[in-house]
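Make a model of the complete structure from these sequences and hints.
Everything in the sequence shown is counted per my numbering, starting at 1 for the first residue and increasing by one.
Wrong hints could be hidden among the right ones.
Using C-beta positions, here's what the derived DEER-type ranges look like [as the list claims (entries may be wrong)]: (1) Asn42 to Val155: 28 to 34 Å; (2) Ser49 to Tyr137: 48 to 54 Å; (3) Gly48 to Val73: 19 to 25 Å; (4) Ser138 to Gly34: 52 to 58 Å; (5) Tyr137 to Gly48: 30 to 36 Å.
Everything labelled a hint here was simulated from the structure, so no lab data went into it. Keep in mind it's a predicted model, so treat the numbers as computed, not measured. Ideal Cβ positions, reconstructed from N, Cα and C, are used throughout, including at glycine.
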Amino acid sequence: PAVFALNATALTVSWLPPQLTSGQVILYHIKRNGSVMYSGLNTTYVVGSLKVYALYAVTVTACTAGGCTESAVTLCYTGQAAPRGITAPTIWVTGATSAEISWAAPLQQNGVISGYELYRNGSLIQSTSSQTRYIDYSISPGCTYSYQVVAYNAVGSITSPTTTITA
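Here you go:
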């Protein structure tokens with residue numbers, strides 16, 4: 001079958017009727033990861049209520065009065081969605097003029113995280129593709145700073161809650 005991500009939680013499955021010599025097709029079955037999701041005579045079907053950015057194995061079985069035959073497996077990911085569930089960064093004051101900021105990936109990445117941005121008091125101080133740690137050497141004793149992280153994937157972003165410290 002040809003399988004395409006319709007969106008973040010659905011796949012479109014389509015196929016051509018087989019060229020059979022054993023009779024007319026009386027039923028098709030679509031299997032997702034081994035479980036039948038559809039039975040009928042249509043040659044296109046939308047499989048919904050799937051997990052975001054998950055890999056699925058899809059096959060089509062064509063049945064005639066003489067028996068059934070199953071296609072090869074087609075693998076397909078559902079689409080990406082904006083990440084969700086990011087926690088506030090953790091901060092340790094490491095000296096009079098420095099602090100270490102670290103953060104975790106979003107709980108639901110919903111795709112491939114392509115980068116992070118770290119903001120101090122609303123201004124961008126670091127942009128990185130994979131690093132989840134930064135040492136800020138430009139703080140002043142007695143001053144208050146707030147930090148936020150933004151995580152991005154191909155579809156969108158999420159901004160963390162703010163963590164505030166006084167150096």
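Exercise. Could you check the structure against the hints above and give me the numbers of any it violates, in ascending order?
Key: Hint 5 is the one this structure does not satisfy, whereas the remaining hints hold.
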